[in-house]
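Asker: Here the protein sequences come in this chain order: G and R.
Residues in the first sequence are numbered consecutively from 1, following our numbering.
Residues in the second sequence are numbered consecutively from 1001, following our numbering.
Just so you know, the hints here were simulated from the structure itself, not pulled from any lab data.
Errors might be hidden in some of the hints.
Said to hold, decoys possible - Lysine-lysine pairs mimicking PhoX-like chemistry, simulated, CA-CA at most 25 Å apart: (1) G:Lys13 to R:Lys1229; (2) R:Lys1090 to G:Lys83; (3) R:Lys1219 to G:Lys123; (4) R:Lys1219 to R:Lys1164.
Said to hold, decoys possible - Ranges of calculated distance between the beta carbons of each label pair, as one might list FRET restraints: (5) G:Ala94 to R:Lys1099: 22 to 30 Å; (6) G:Lys106 to R:Thr1182: 50 to 58 Å; (7) R:Pro1212 to G:Asp88: 23 to 31 Å; (8) G:Ala57 to R:Pro1228: 33 to 41 Å; (9) R:Lys1226 to G:Ala57: 37 to 45 Å; (10) G:Glu77 to R:Arg1154: 31 to 39 Å; (11) G:Glu120 to R:Pro1028: 53 to 61 Å; (12) G:Ser21 to R:Leu1157: 57 to 65 Å; (13) R:Ala1097 to G:Gly22: 41 to 49 Å; (14) R:Leu1157 to G:Asp69: 30 to 38 Å; (15) G:Val60 to R:Val1033: 39 to 47 Å.
Glycine included, C-beta positions come from ideal geometry on N, C-alpha and C.
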Amino acid sequence: MSSQVPSDLKYSKSHEWVRFSGDIATIGITDHAQHELTDIVFVELPAVGRQVKAADACAVVESVKTASDIYSPVSGEITEVNKAVVDDPALVNAEPYAGGWFYKIKLGDAAELNSLLTPEDYKAQIGA
Amino acid sequence: MAKVIAEMLIDAATMELPDTKTLKLKWPEGYDVEFKTGQFITFYWPDTPTYKRAYSLSSCALDRGFYEVTVKREGKMGTRVVDWAKVGDKIGVLPPAGKFLPVLEPNRHLICIAGGSGVTPFRGFVREATRRKLDTKITILYSVRTTNDIIFQREFLDFAAENKNFTFLVTCTRLIPEDPWTGHRGRITADWVREQVHDLPNTVFYACGPNPLVEATEKLVLEELKVPKGQMKVEKWG
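Please model the entire structure based on the sequences and the hints provided.
Answerer: Below, the structure written as structure tokens:
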């Protein structure tokens, strides 16, 4: 089954997606990632107010088969986290690009956006 | 068949490595489930019934009365099992499932490629073949970072001494050059796998471990060795 790669998002090599709205970015994991992980049973999110750097491990996702760190695709301050995925981790499987988002971050370095993957780049990476 | 969820007592908890523990889960009275070597069980702690993890059985189908799983300290479940699980604790267990099954037929050669804790189901393969004194050949090619990361080393060496059809080979990927290890080094390569193959049509390839290793192995076996897809079975995140 081919994975969805929405055209309005940016991506990281480690399978996170980024949606920009002004200087706020929303982060989640891709449809491909949730397929690979299988049924997600636990999500741990960073504290609001935490400063993270790009490529920092800042969240944990655990499926029935494995546990995996989530790396922040961009630097900045965490402004909001999605408690709904903590209460119902299956949301990440059901709606990876909507209700399954992980956290929002106030961008610290706009130049980092250039290092993210385009939807085409990401499709090529996952062979979609 | 209705799903039988059972509460099982931890009958033994054995540290295999500083970060890896084997749990022996005792079947409760009246529990009698048919299962196959190579399958996995899903379990949970009774205080968090919605948080479940699946682990390959490291025991085999000849073992009645208990299951064994070997768990690495990874994630919330792995940490709780390795740091806290002890004899007498209760664990909820869903029945075995999965299709990562050994083809234990005469004249077959099973080449089992493992990374890290992905070796655990292969202990069941070898245990069954050895106990049944089968002619099936089994070769394990096991990729670990260093010699300190080899799970079941003693057991596999004992099986190899007892079972002439079983070969246990390890490659270390992150040893310092000065390390006295005389075995294979570096990642699993097509040449190393090819060296083990003597009768390709009767060889079945298995890969179990982290996704990148399993995917690289699939590519290596299917594309470089040109093995038909039907002769390969994989278990990701195993």
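Asker: Against this structure, judge whether each hint is valid.
Answerer: Comparing the hints with the structure gives:
1. G:Lys13 to R:Lys1229: violated (28 Å)
2. R:Lys1090 to G:Lys83: Answer violated: Lys1090 of chain R to Lys83 of chain G is near 30 Å, above 25 Å.
3. R:Lys1219 to G:Lys123: Distance ~19 Å between Lys1219 of chain R and Lys123 of chain G Cα, so the pair holds.
4. R:Lys1219 to R:Lys1164: violated (30 Å)
5. G:Ala94 to R:Lys1099: 22 to 30 Å: holds (25 Å)
6. G:Lys106 to R:Thr1182: 50 to 58 Å: Once the Cβ atoms are compared, 55 Å apart, the range 50 to 58 Å for Thr1182 of chain R and Lys106 of chain G holds.
7. R:Pro1212 to G:Asp88: 23 to 31 Å: The hinted range 23 to 31 Å holds for Pro1212 of chain R and Asp88 of chain G, with Cβ atoms some 29 Å apart.
8. G:Ala57 to R:Pro1228: 33 to 41 Å: holds (40 Å)
9. R:Lys1226 to G:Ala57: 37 to 45 Å: holds (39 Å)
10. G:Glu77 to R:Arg1154: 31 to 39 Å: Distance hint for Glu77 of chain G, Arg1154 of chain R is violated at roughly 51 Å.
11. G:Glu120 to R:Pro1028: 53 to 61 Å: Distance hint for Glu120 of chain G, Pro1028 of chain R holds at roughly 55 Å.
12. G:Ser21 to R:Leu1157: 57 to 65 Å: holds (59 Å)
13. R:Ala1097 to G:Gly22: 41 to 49 Å: With a Cβ separation near 47 Å, Ala1097 of chain R and Gly22 of chain G satisfy 41 to 49 Å, so the hint holds.
14. R:Leu1157 to G:Asp69: 30 to 38 Å: holds (34 Å)
15. G:Val60 to R:Val1033: 39 to 47 Å: Cβ of Val60 of chain G to Cβ of Val1033 of chain R: about 33 Å, so the range 39 to 47 Å is violated.
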